[in-house]
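Residue numbers (numbering that gives the first Met the number 0), protein chains in the order written: chain A, 0 to 107; chain B, 0 to 107.
Accuracy of the hints is not assured; some may be wrong.
For chains that are exact copies, the list does not tell them apart, and a pair is met inside one copy or across any two.
Unchecked claim - Each computed SDA-like pair below joins lysine to any residue, with the alpha-carbon atoms no more than 25 Å apart: (1) LYS37 with PHE19; (2) LYS64 with LEU90; (3) LYS64 with VAL44; (4) LYS64 with GLN49; (5) LYS37 with GLN49.
Hint data in this document are derived by calculation from the structure and do not stem from the laboratory.
There are 2 protein chains.
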Amino acid sequence: MQVTDIEWSETEQAVASAAFDKAYNREIQALVADIRSKVNDLNAVEDLWQLHDLLSIRRHSLDGKYDSRTSALLFVFAQLLQEELLSLDDLAGLSPAKLKKISALTRM
Amino acid sequence: MQVTDIEWSETEQAVASAAFDKAYNREIQALVADIRSKVNDLNAVEDLWQLHDLLSIRRHSLDGKYDSRTSALLFVFAQLLQEELLSLDDLAGLSPAKLKKISALTRM
Numbered sequence: 000m001q002v003t004d005i006e007w008s009e010t011e012q013a014v015a016s017a018a019f020d021k022a023y024n025r026e027i028q029a030l031v032a033d034i035r036s037k038v039n040d041l042n043a044v045e046d047l048w049q050l051h052d053l054l055s056i057r058r059h060s061l062d063g064k065y066d067s068r069t070s071a072l073l074f075v076f077a078q079l080l081q082e083e084l085l086s087l088d089d090l091a092g093l094s095p096a097k098l099k100k101i102s103a104l105t106r107m
Numbered sequence: 000m001q002v003t004d005i006e007w008s009e010t011e012q013a014v015a016s017a018a019f020d021k022a023y024n025r026e027i028q029a030l031v032a033d034i035r036s037k038v039n040d041l042n043a044v045e046d047l048w049q050l051h052d053l054l055s056i057r058r059h060s061l062d063g064k065y066d067s068r069t070s071a072l073l074f075v076f077a078q079l080l081q082e083e084l085l086s087l088d089d090l091a092g093l094s095p096a097k098l099k100k101i102s103a104l105t106r107m
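Given these sequences and hints, build the entire structure.
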C-alpha cells in the first residue's frame, strides 16, 4: 500500500492540522498533570533524576511521534487512533480513501 | 602544587564525607525548590522542555562537580567554598596542610 505521496486538499489539511494539534495538546496536558503530581512527592535526588528521565523519554517519544510532514500523517493518525488520542470523528472531512488507508494501518 | 595523592585519616574522611553531603544536599534542596516553583507556572509545551533542559544541565553539572574520589576532594571543597555552599567551619578537622591547599585553590 502506497501511502506517502497522497494529495491533501486545503480542507483536508485543515482537518489534519486540527486533529494533530488536538492529540498533541491532549498528550502535553496529560504530561503536565503527571509532572505536577510527581513534583508533589519530590524530595530526594532520586526523585529529581526520575523526573528528568521521564521528561527525556517523553520528549524523545513525542518528537518522533508527531511528525507533521504530509507524507507521515496517515501513519501518525493511525497511531493516534490506536492510542485513543483521537477518534474517527476527529478526522471527519478527510477523503474516504484516506480514512480507509488510516483504518487499514491501525490494523497492522 | 601536588594535591592529588594525599593521605586522609579516618577522622578527616568523616569530616570530608559530612561536608560533601551537606553541600550536595543544599544544592539538591535548592534545585527541588526551583523545580517546584517552575512547575507552579507549568502550562505550555515550551515550559515542559525548559524544565527538561534545566534538569539536564543541573544533572550534568552536579555529576561532574561532586567527585567523591579522595584525589579530587581538595578541588571539590575549593569550589564549594567559592560558591558559598560550604564555609571553612564545615571543614574543621582537616589537617592544616589540607586547609591551606584548599584555601590556595580557592584563589586560583
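To see whether the hints hold, each was checked on the structure:
With identical chains, the CA atoms of LYS37 and PHE19 are never at most 25 Å apart, being 27 Å at best within one copy and 27 Å at best between copies. In the homo-oligomer, the alpha carbons of LYS64 and LEU90 lie at most 25 Å apart inside one protomer (18 Å), although the nearest pairing across protomers, at 51 Å, exceeds that limit. In this assembly of identical chains, the alpha carbons of LYS64 and VAL44 lie at most 25 Å apart only when taken from different copies (15 Å versus 30 Å within one copy). Taking CA atoms no more than 25 Å apart as the test, LYS64 paired with GLN49 passes in both settings, with 22 Å inside one copy and 20 Å between copies.
Proximity of LYS37 to GLN49 under the C-alpha cut-off of 25 Å is found in both arrangements, the shortest distances being 9 Å within a copy and 17 Å between copies.
Checked against the numbered hints given earlier, this structure breaks only hint 1.
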